[in-house]
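Letter by letter, the chains look like this.
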Amino acid sequence: EPEVTQTPSHQVTQMGQEVILRCVPISNHLYFYWYRQILGQKVEFLVSFYNNEISEKSEIFDDQFSVERPDGSNFTLKIRSTKLEDSAMYFCASRRGTSDNNEQFFGPGTRLTVL
Amino acid sequence: DQQVKQNSPSLSVQEGRISILNCDYTNSMFDYFLWYKKYPAEGPTFLISISSIKDKNEDGRFTVFLNKSAKHLSLHIVPSQPGDSAVYFCAAIASGSRLTFGEGTQLTVNP
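Chains as they are written, first to last, in my numbering: chain A, 663 to 777; chain B, 151 to 261.
Quick caveat, the hints were computed from the structure, so don't treat them as lab data.
A couple of the hints might just be wrong.
To be verified - Cut-off 27 Å, straight-line C-alpha distance, at most; resulting in silico cross-link-like pairs (BS3-like, lysine-lysine):
1) B:Lys-206 x A:Lys-719
2) A:Lys-740 x B:Lys-188
3) B:Lys-155 x B:Lys-204
Predicted model, so just to flag it, every value in this text is computed and none were measured.
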């Protein structure tokens, strides 16, 4: 069964460094998402992406964040200058995008640790 | 952000019995609801969903009930199995497609 994949599974970085989290969505899906879950907190929406542009973003998704679909398969989240509070699980998700289908399918996540 | 709330952090049931997980919401613009299951070190796995035009949706052992007037939904699992032990998240969609999640309920099914 097709699934969303994410790399790396765990990323450790120093505060102020740039990180890129990678995702391969399900191949026939059209909508792509990033969510994060800080330890002990809710899963929070960051951004959605459709037709090669951001379709929606949350207040969390400020100028230090960016997303890109550099080719036909990868979807990346870049954090430009990491802060301690960016430490979280980051989940990528994708959705097929038909009008009667709202289900989003999640990858296994990348655990980001900022030291 | 308290738009979606799962008031029970944990639930413990015996194998073979019914598990009932509850979720309340405040945003009347939500028109689609989903339940996800999550094991440790994995991403959320989609279970079942329901549109606001329905009050019930069933898929095998899983049934979701929606009470729009009470802004309440529930997930019933029957019969419960030990493999169902996981964290269950309720999520909702308003306009756009972002998911708004509840806090999650840890279900433990005892053999």
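Open item on the list: For B:Lys-155 and B:Lys-204, compute the direct alpha-carbon distance and say whether it is at most 27 Å.
Closed with: Holds: B:Lys-155 and B:Lys-204 sit about 21 Å apart, inside 27 Å.
Open item on the list: For A:Lys-740 and B:Lys-188, compute the direct alpha-carbon distance and say whether it is at most 27 Å.
Closed with: holds (25 Å)
Open item on the list: Given the hinted pair B:Lys-206 and A:Lys-719, is their Cα-Cα distance within 27 Å?
Closed with: violated (31 Å)
Violated hints amount to a single one, hint 1; each of the other numbered hints is respected by the structure.
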